[in-house]
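Listed below, chain by chain, are the residues.
2 protein chains.
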Amino acid sequence: MSTILIGGAGFIGSRLARRLLERGEHVLVIDNLCRGRRAFLQDMPGHAHLEFVEADAADPDALLRVCTPFHARFPTAVVRHMAANSDIPAGIADPAVDLRDTFMTTYAALQVMKTLGLKRLAFASSSAVYGDHGPETLLREESGPLLPISNYGAMKLASEALIGAAAESFLDRALIFRFPNVVGIPATHGVILDFIRKLRTSPGRLEVLGNGTQQKAYLHVEELVEAMLFIEERASGKLSLYNIGPEDAGCRVSDIAEAVVARVAPRADIVYGTEERGWVGDVPKFRYCVDKLARLGWKPRLSSLEAVRRAVEEIAAQEGLC
Amino acid sequence: MSTILIGGAGFIGSRLARRLLERGEHVLVIDNLCRGRRAFLQDMPGHAHLEFVEADAADPDALLRVCTPFHARFPTAVVRHMAANSDIPAGIADPAVDLRDTFMTTYAALQVMKTLGLKRLAFASSSAVYGDHGPETLLREESGPLLPISNYGAMKLASEALIGAAAESFLDRALIFRFPNVVGIPATHGVILDFIRKLRTSPGRLEVLGNGTQQKAYLHVEELVEAMLFIEERASGKLSLYNIGPEDAGCRVSDIAEAVVARVAPRADIVYGTEERGWVGDVPKFRYCVDKLARLGWKPRLSSLEAVRRAVEEIAAQEGLC
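Line by line, the protein sequences are chains A and B.
If you're matching positions, the first sequence starts at 25 in my numbering and goes up one per residue.
If you're matching positions, the second sequence starts at 25 in my numbering and goes up one per residue.
Chain A extracted, bound-state conformation (with noise of 0.2 Å):
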């Protein structure tokens, strides 16, 4: 088995690169490393079958040249994408970051997969596709219309669409998952992240954007990864589309800051903003549906506050706080 694994020395992408790597697989890693860092790589299991070549996956002329002489090699390999701009509003500030490093990456996979007759293809989607359907939408896959308020979810719903059009000219397999709030290390972004690192600027006081009550499911990245490789190895179909995520309805932002707060600086005081959203293009309650997962014979063993307060005892281990 093998693997072109775009936007790999990212957060996600660097824990699935780990796992491919355990179980044997020779490994492409394609990273522009704008978020990723080559770090994140170190160490790997079996880090002779890993490669990296720094470039932009944006570019479909320079993801060619890259995975041409692997595919001379490996001419099965599955590609799996993973690169993404996170920063949700530094998209919305400037959308030329979604649209190169959020949408262009799939149209350059689709081309470079096109050209090289690489035939299956997993790509890491996300729950904003499905924009504000207020508290009570249950979201199921199906869920429409899909009117994403965020170019985050925008440029991953265009990808979405590309695959769609893609797997009914070119492709043999594709596999569409829908994220929710990932958490874990290594940590390069978020909310836990954002609020250690403001902790150790203010040790006092932890100035949090919107009122604390948005909530979201979240899920640990070791789940998501054993989940995305559970759902390649049983769904059938040419192309699957699967939430990914926790069962329950999701934790409260105001959870995750008194989590943070009791393991970083048990003595600050946490202060709300007024707003119901924290930032334009955030969703601030949503239902996830993760029952056509379960159907399949997968469900993750951490709740979303149990998944955030692992996260908050790794990243601030990763921070350096004892």
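Watch out, some of these pointers could steer you wrong.
No copy is singled out in the list; a pair is fine if it fits within one copy or between any two copies.
Unchecked claim - Here are the computed lysine-lysine pairs in the DSSO-like style, where the Cα-Cα straight-line distance is at most 30 Å: (1) K262 <-> K309; (2) K143 <-> K323; (3) K309 <-> K143; (4) K262 <-> K316; (5) K323 <-> K138.
In case anyone wonders, no lab produced these hints; they're calculated from the structure.
Predicted model only: the values in this text are computed from it and were never measured.
Following the hints, position chain B against chain A.
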């Protein structure tokens, strides 16, 4: 009232331009003349209110240069985005075509609207965003999953997604119209024109792609324009999404072939292929629900077959057949 009409020299765009001029609007038409033609904008009513600029609307800088002086005179112009690659097989052969003409035009339009503070957008989307749900599924505005099977449909869905995010972030009003197949003149593409041109080349025989059972909803362009303006006037909310189409389940390709042959070459043989699909990315049969539009108060007068028959007459005349 004033309008910036992107793709306004094309089939649908030029008909919309005429209607807007008739009601006294100032209209700036921007078109790259890839498929549109200057001739389509001749003999317009109130032509002193019509401005035309040949420019590539997929280029945000070029589009901004064109829109800025018009915006200085008409600061509250509505942007109506009708530009797209309308050749679906061409977009499957080379996805760069739909990327540029169908998607990047939307991206650029939104960039320019944000820069200039233009707040109202009307967008020509497509039933192709739904993908292939089989002949039994009634496709409603909220149907999902949205997995288009052509790059055209993918780039229309990608455009909808970006507009959703823009509505959340900086637009006051966004209208997304999902078009069925639209027929009429000035015809630049489509099955009726193809059939007429084939019959002019070989009058004794009409070869049809696919087995003729593909069934689709057709609307006459005049009714489509009427529906768009009706929705614009009546619909409320920041973001409105409407299917526009006839109330019937559509007519078959064989009905169209017969109508064209009867008009153009009554003694010609019609020779069908064996495939259910005319081409990769062709949805063979679908049912399109227009109840939401009917509830708003608009219904078409023509059935799919009546629209086709009227268009056959019009296109035959356009092509110089007496």
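Task: Homo-oligomer pair classification [K316, K262; C-alpha up to 30 Å] - done: Within one copy, since 17 Å is at most 30 Å while 33 Å is not.
- [ ] Measure nothing new, just compare the shortest in-copy and cross-copy C-alpha distances for K143 and K323 to 30 Å and report within, between, both or neither.
- [x] Classified as within; 28 Å inside a copy, 45 Å across copies.
Open item on the list: Checking an output row: K262 and K309, CA cutoff 30 Å. Within, between, both or neither?
Closed with: between (32 Å within a copy, 20 Å between copies)
Task: Alpha-carbon proximity between K323 and K138, which holds within one copy, between copies, both or neither at 30 Å - done: neither (34 Å within a copy, 43 Å between copies)
Open item on the list: At most 30 Å between CA atoms: does that hold for K309 and K143 within a copy, between copies, both, or neither?
Closed with: Intra 37 Å, inter 27 Å, cutoff 30 Å: inter-copy only.
Taken one by one, the earlier hints fail for this structure only at number 5.
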